[in-house]
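These protein sequences, in sequence, are chains A and B.
If you read the first sequence in the numbering used here, its first letter stands for residue 1, the second for the next number, and so on.
If you read the second sequence in the numbering used here, its first letter stands for residue 1, the second for the next number, and so on.
Keep in mind the hints are simulated off the structure, nothing from the lab.
Don't take every hint at face value.
[Stated by the list, open to error] Going by beta-carbon spacing under 10 Å, a handful of chain A positions derived as facing chain B:
| # | residue |
| --- | --- |
| 1 | Thr66 |
| 2 | Glu70 |
| 3 | Ala136 |
| 4 | Glu232 |
| 5 | Glu247 |
[What the hints assert, rightly or not] Pairs of lysine-lysine, DSS-like flavour, derived with a Cα cap of 27 Å:
| # | chain 1 | residue 1 | chain 2 | residue 2 |
| --- | --- | --- | --- | --- |
| 6 | B | Lys182 | A | Lys189 |
| 7 | A | Lys86 | B | Lys134 |
| 8 | A | Lys121 | A | Lys35 |
[Unchecked claim] Where chain B lies over chain A, by a calculated footprint (3+ residues, C-beta under 8 Å):
| # | segment |
| --- | --- |
| 9 | 54-65 |
| 10 | 99-111 |
Bear in mind that the values here come from a model prediction, so they are computed numbers and not experimental data.
Cβ coordinates follow ideal geometry from the N, Cα and C atoms, glycine included.
Protein chains: 2
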Amino acid sequence: MQRYFVPESNWQENQVIITGDDVHHITRVMRMDVKDKIICNHPNGKSCVCEITAKDDDQVVTTIITWQKENVELPVYVTIAQGLPKGDKLELILQKGTELGAASFIPFQAARSIVKWDEKKASKKLSRLRKIAKEASEQSHRTLLPIVEDITTFPELLMTSDTYQHRFVAYEETTRGLPSKKLSHYFQKIQPGEHVCICIGPEGGFSDSEIEQFKQHEFTFIRLGPRILRTETAALYALASLSYYFEEME
Amino acid sequence: MQRYFVPESNWQENQVIITGDDVHHITRVMRMDVKDKIICNHPNGKSCVCEITAKDDDQVVTTIITWQKENVELPVYVTIAQGLPKGDKLELILQKGTELGAASFIPFQAARSIVKWDEKKASKKLSRLRKIAKEASEQSHRTLLPIVEDITTFPELLMTSDTYQHRFVAYEETTRGLPSKKLSHYFQKIQPGEHVCICIGPEGGFSDSEIEQFKQHEFTFIRLGPRILRTETAALYALASLSYYFEEME
Numbered sequence: 001m002q003r004y005f006v007p008e009s010n011w012q013e014n015q016v017i018i019t020g021d022d023v024h025h026i027t028r029v030m031r032m033d034v035k036d037k038i039i040c041n042h043p044n045g046k047s048c049v050c051e052i053t054a055k056d057d058d059q060v061v062t063t064i065i066t067w068q069k070e071n072v073e074l075p076v077y078v079t080i081a082q083g084l085p086k087g088d089k090l091e092l093i094l095q096k097g098t099e100l101g102a103a104s105f106i107p108f109q110a111a112r113s114i115v116k117w118d119e120k121k122a123s124k125k126l127s128r129l130r131k132i133a134k135e136a137s138e139q140s141h142r143t144l145l146p147i148v149e150d151i152t153t154f155p156e157l158l159m160t161s162d163t164y165q166h167r168f169v170a171y172e173e174t175t176r177g178l179p180s181k182k183l184s185h186y187f188q189k190i191q192p193g194e195h196v197c198i199c200i201g202p203e204g205g206f207s208d209s210e211i212e213q214f215k216q217h218e219f220t221f222i223r224l225g226p227r228i229l230r231t232e233t234a235a236l237y238a239l240a241s242l243s244y245y246f247e248e249m250e
Numbered sequence: 001m002q003r004y005f006v007p008e009s010n011w012q013e014n015q016v017i018i019t020g021d022d023v024h025h026i027t028r029v030m031r032m033d034v035k036d037k038i039i040c041n042h043p044n045g046k047s048c049v050c051e052i053t054a055k056d057d058d059q060v061v062t063t064i065i066t067w068q069k070e071n072v073e074l075p076v077y078v079t080i081a082q083g084l085p086k087g088d089k090l091e092l093i094l095q096k097g098t099e100l101g102a103a104s105f106i107p108f109q110a111a112r113s114i115v116k117w118d119e120k121k122a123s124k125k126l127s128r129l130r131k132i133a134k135e136a137s138e139q140s141h142r143t144l145l146p147i148v149e150d151i152t153t154f155p156e157l158l159m160t161s162d163t164y165q166h167r168f169v170a171y172e173e174t175t176r177g178l179p180s181k182k183l184s185h186y187f188q189k190i191q192p193g194e195h196v197c198i199c200i201g202p203e204g205g206f207s208d209s210e211i212e213q214f215k216q217h218e219f220t221f222i223r224l225g226p227r228i229l230r231t232e233t234a235a236l237y238a239l240a241s242l243s244y245y246f247e248e249m250e
């Protein structure tokens, strides 16, 4: 069944009203009509099966049939802080990271980020990234929509980092043989419900100064397996291995 | 240090001769010269640091300086059998799957594959995919080059499947709640050195008939976390979680 994230203001006692782009998707793309059913996701993470009771060009009115008991969200809140990469790699990271259960994304301007986003470009890019995250959430049947934060500077990233119980940096030199504990050593310390931040550099990695500042803010340097991963693969490894640890171990 | 996979015929007792496209890469792209060093990978998985001793337009002659003690290969041989997906998704799967340690890839024509590869298209596509796998291996500092098999039919895939000790199918209905054991249940049965095949359907998943035939050939149906993954994300989840299990657990 097709799934839509519906903002809180569109929920009434027994009805959910669909507005905006989703009206076009429901009526034109999916060609649904009165009596057809969809799943509506509430921003609080709950979801329900709804039946379409009326539609016009501006809105689709649905009636709530049953609330669902679902549990497809990662039991930890994972934030991927990604140094701006080249080209459309950030879109790939957002899409795949959403499928793999990330709770939020912070794109930040790293010292070695080659692209610079001015205000106009950032606003356009961010709205595209948020659309990608919404679509990927719907397709992967998630009940929570990951947050895509505004573009952040490195000092801002450090300043907000103490809101996470666990702060990690994926660091190439750790893969290259700098002494490091294995990932499970750090995963075992994470409790369900806690917030985890994983920082990933752009193509050129982090600068010496950034590494120094991470140390001062008590980030933990981790490796993601023994092979050198491209920047856009690192987030996916981190999320898949956290999913394995929390969701696929007996 | 830049890394190159060199075919067996180019190895002599103390020398490695680079020919083909890599000559251009070494001399023009990397602008290396006599006395510069590179890493040469032998097809047997060993690698050595080599110094360039001579070069012309057709070849680069290098002398072996030291053999390396490296262990960056996944301790199990993982084959990703991928139902042909749309667009350039197979390239993404090959590139990321190589970074994540896959030993080989089998692209196969699934019942619901929308693209059909005729002979001419297949030959062009395969040589491109093999180039992608070689470059991704070099970039991720692997010592083995994954094999990209020729395009295969579904019956051929089944026929060769008994060469693997472990045969898995990523099956959407398992994610959707069909009773299934967790991944770790199956991973625990895999011993280092064994061969594992993971079959992944195209966008529309496997047909009922394909599922039936997998059952007859005693494939195990697995889920890859509780969220529905796109076809190109499934291989990456499987490889990352196997890497975590075999390489990142204390």
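Now the hints, each set against the structure:
no. : hint                  : verdict
1   : Thr66                 : violated, 16 Å
2   : Glu70                 : holds, 9 Å
3   : Ala136                : holds, 8 Å
4   : Glu232                : holds, 8 Å
5   : Glu247                : holds, 5 Å
6   : Lys182(B) x Lys189(A) : holds, 22 Å
7   : Lys86(A) x Lys134(B)  : holds, 22 Å
8   : Lys121(A) x Lys35(A)  : violated, 42 Å
9   : 54-65                 : violated (count 0)
10  : 99-111                : holds (count 3)
Consistency with the previously given hints fails for numbers 1, 8 and 9, ordered from lowest to highest.
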